[in-house]
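Protein chains in written order, with the working numbering: chain A, 33 to 232; chain B, 719 to 853.
In case anyone wonders, no lab produced these hints; they're calculated from the structure. Quick reminder that beta carbons are idealized off the backbone N, C-alpha and C, glycines included. The reader is advised that the hints may include incorrect statements.
Where chain A lies over chain B, by a calculated footprint (3+ residues, C-beta under 8 Å) [unchecked claim]:
| id | stretch |
| --- | --- |
| 1 | 753-761 |
| 2 | 791-799 |
Which chain B residues stay away from chain A? Per the calculated CB distances, all over 10 Å, these [stated by the list, open to error]:
| id | residue |
| --- | --- |
| 3 | Ser721 |
| 4 | Gly748 |
| 5 | Lys782 |
| 6 | Val813 |
| 7 | Ala838 |
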Amino acid sequence: MNAEDIRLLIDTLAERVIAASDELTALDQAIGDGDHGINMKRGFEAVRAEGPAIAASDLPAALHKLGMTLVMKVGGASGPLYGTLFMALAKAMPPDPDRAAVAGALSSAIAAVKARGKSDVGQKTLLDVLEPVQRALAKGADAQGLRAAAREAAKATIPLKATRGRASFLGERSIGHMDPGARSSEIMVGAVLDALEQRT
Amino acid sequence: MTSSNVGIVIVSHSKDVARGAAEMVRQMVGPEVPLAHCGGDPGGGLGTSVESIMAAIAEAWSDKGVAVLVDLGGAETNSEMAIELLPAAQRDRVVICNAPIVEGAVMAATESSAGSSLAAVRSTAEELYAGSMVR
Numbered sequence: 033m034n035a036e037d038i039r040l041l042i043d044t045l046a047e048r049v050i051a052a053s054d055e056l057t058a059l060d061q062a063i064g065d066g067d068h069g070i071n072m073k074r075g076f077e078a079v080r081a082e083g084p085a086i087a088a089s090d091l092p093a094a095l096h097k098l099g100m101t102l103v104m105k106v107g108g109a110s111g112p113l114y115g116t117l118f119m120a121l122a123k124a125m126p127p128d129p130d131r132a133a134v135a136g137a138l139s140s141a142i143a144a145v146k147a148r149g150k151s152d153v154g155q156k157t158l159l160d161v162l163e164p165v166q167r168a169l170a171k172g173a174d175a176q177g178l179r180a181a182a183r184e185a186a187k188a189t190i191p192l193k194a195t196r197g198r199a200s201f202l203g204e205r206s207i208g209h210m211d212p213g214a215r216s217s218e219i220m221v222g223a224v225l226d227a228l229e230q231r232t
Numbered sequence: 719m720t721s722s723n724v725g726i727v728i729v730s731h732s733k734d735v736a737r738g739a740a741e742m743v744r745q746m747v748g749p750e751v752p753l754a755h756c757g758g759d760p761g762g763g764l765g766t767s768v769e770s771i772m773a774a775i776a777e778a779w780s781d782k783g784v785a786v787l788v789d790l791g792g793a794e795t796n797s798e799m800a801i802e803l804l805p806a807a808q809r810d811r812v813v814i815c816n817a818p819i820v821e822g823a824v825m826a827a828t829e830s831s832a833g834s835s836l837a838a839v840r841s842t843a844e845e846l847y848a849g850s851m852v853r
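Isolated chain B, as found in the complex:
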């Protein structure tokens, strides 16, 4: 039995940014949202790793789905690749949010903690750009 809340995954080029963003989510939203983060390329430098992203999705897995927050381009491309490599039954329940990584993670987690659907979690995070709170 997985959590009744949508999981949140934070993918940054930097391990420190990912950990810091996750720490903010934990402190602001609390422990009831499945949360995982990853950062750094397979060699430990700045970048992202498909393997780590897949592991983070597994860690934050919820049958209600997982929302992924990313920073720069490669994080998005690698996250899309990771999602495509998931088992078919999981693939359709993971989405990447077009939102700023820190604010997006906090907003998505807040929405998730209310028991909302994956679509609602995503749209709350994406409103950050739509409503020009950022940019």
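The shape of chain A in the complex, shown without the other chains:
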């Protein structure tokens, strides 16, 4: 992946997450502590500001810098979780990955996020989107298929009862709301696909 494409990827991610900040905060106000959008916005504003430096190296190094920036700037639990996701992706991603390499890297990054959050699928977290998307990717889904997988997976967190993260304090009352982390993951999946499609 060349520098221009990496820059497009980073900028698109930042732009989409920042634009969704109010929506993410509203979701988090329902079942969390209401800061997910604010935290993610702060993190991705830092990413946007450091865009040129982040994109100055190859894809693995850029993913690592992106992860570190989120770890340092986001603040909530989503900082280390998304930071770990991107830093683990960096470790497993070749500079010019094909589908199988991305699917493999995403699989090990998901394992790292599970370890960081001491959580698993079905607990109403970002993992409930990341894992179905990884599965669809490994099975050969196209961009539309991946978008649909992310959308359906985020929607499927609505009836779940949270058993991890701040929403778990609410117990049964967490049922009926989409998980903010699942939604931010869906947004990031869309951003990545859009950036890849816009490549020249």
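For chain A, the structure is supplied; the task is to place chain B on it using the hints.
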């Protein structure tokens, strides 16, 4: 030459809670235990910051190790992240105690002031939950 006592780090979502807990430790245990605290996210709101946690660990550093006391979930996740980002030689000498933040900090510091090992400091703090003094 660092202190001969285990360092204590207090990580809260709130700067005021962190400062208050640290103040209680200082008053009850005295100055011989390396102590640092941090609270608030990178924007200054309620939350925690990996950067601040790393700085607090450095401030309270002791070659005998550092025990970290945390409040809610994100404080623990961010503290684990901060520990992982430390140099390899330090990483294994920092532990997070599964204990209530205020009582845990006071108990851990009391144990530390006696010159105890990191493992002993941690288990004294964690007895608070095991012995159901709290919860």
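Each hint tested on the structure:
Counting residues of the stretch 753-761 of chain B whose C-beta sits closer than 8 Å to any C-beta of chain A gives 3, which meets the bar of three, so the coverage hint holds. For a cut-off of 8 Å, the count of residues in the stretch 791-799 of chain B with a CB near a CB of chain A stands at 6, and the three-residue condition holds. The beta carbon of B:Ser721 is kept farther than 10 Å from every beta carbon of chain A, the shortest such distance being approximately 28 Å. Residue-level check passed: B:Gly748 sits 33 Å from the nearest beta carbon of chain A, beyond 10 Å.
The Cβ of B:Lys782 lies farther than 10 Å from every Cβ of chain A, with a closest approach of about 27 Å, so its non-interface assignment holds. The claim that B:Val813 is not at the interface with chain A holds, since no C-beta of that chain comes within 10 Å of its own (minimum 16 Å). At roughly 25 Å from the closest C-beta of chain A, the C-beta of B:Ala838 stays outside 10 Å, upholding its exclusion from the interface.
Going down the numbered hints, you'll see the structure goes against none, and every one checks out.
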